[in-house]
Amino acid sequence: MSPESALQSIAEEKQAQTGHLDLSFESLTEIPPQLAELTHLTSLNLDNNQLTTLGGLDSLVNLTELSLRYNQLTTLGGLNTLVNLTKLYLDSNKLTTLGGLDSLVNLTELDLRSNQLTALEGLEGLVNLTSLYLRENELTTLGGL
Numbered sequence: 001m002s003p004e005s006a007l008q009s010i011a012e013e014k015q016a017q018t019g020h021l022d023l024s025f026e027s028l029t030e031i032p033p034q035l036a037e038l039t040h041l042t043s044l045n046l047d048n049n050q051l052t053t054l055g056g057l058d059s060l061v062n063l064t065e066l067s068l069r070y071n072q073l074t075t076l077g078g079l080n081t082l083v084n085l086t087k088l089y090l091d092s093n094k095l096t097t098l099g100g101l102d103s104l105v106n107l108t109e110l111d112l113r114s115n116q117l118t119a120l121e122g123l124e125g126l127v128n129l130t131s132l133y134l135r136e137n138e139l140t141t142l143g144g145l
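Position one of the sequence shown corresponds to residue 1 (this note's numbering), numbered consecutively onward.
Derived by calculation from the structure, the hints in this document are not laboratory data.
Every residue, glycine too, gets a C-beta built ideally from N, C-alpha and C.
Keep in mind that the hints are not guaranteed to be accurate.
[As the list claims (entries may be wrong)] Computed Cβ-Cβ distance ranges for the label pairs, DEER-style:
#1 Ser103 to Glu30: 20 to 26 Å
#2 Ala16 to Thr96: 36 to 42 Å
#3 Gln50 to Gly143: 21 to 27 Å
Turn these sequences into a full structure, and let the hints steer you where they fit.
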């Protein structure tokens with residue numbers, strides 16, 4: 001797949017308004033700006049791309065599920081407006097810290113497996129979290145839970 005096919009998928013979802021969009025395996029290195037127009041989305045899959053940052057998701061305030069597995073993310077800036085998220089999948093990235101999650105108070109499921117986390121600071125405010133996956137990290141402390 002290619003970024004061009006991602007743009008086609010975005011255009012199709014803009015027309016169909018299903019609320020779900022799968023942009024996995026599209027070779028994306030950044031979030032397409034056109035995605036910001038899909039404010040009705042409730043589910044977005046960006047797995048298996050080459051994303052390093054999350055800029056451009058701010059307007060997707062109706063998202064309840066966001067999957068960013070198998071990317072190249074090192075930080076989580078750009079998620080703070082997604083307060084309706086209940087499921088966030090960030091496994092198999094290059095995360096070293098968890099800053100940027102504090103406003104996601106509705107999260108119930110958070111997958112952080114296979115990253116490079118050494119500590120869990122940044123999870124304190126996630127009071128509705130019922131499932132937290134941390135396998136295959138470099139944790140040295142559990143402070144922050």
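Ala16 versus Thr96 beta-carbon gap, inside 36 to 42 Å or not: holds (38 Å)
Outcome for the supplied range 21 to 27 Å, where the beta carbon pair is Gln50 and Gly143: violated (32 Å)
CB-CB spacing for Glu30 and Ser103 relative to the 20 to 26 Å hint: For Glu30 against Ser103, whose Cβ atoms are near 23 Å apart, the range 20 to 26 Å holds.
Taken one by one, the earlier hints fail for this structure only at number 3.
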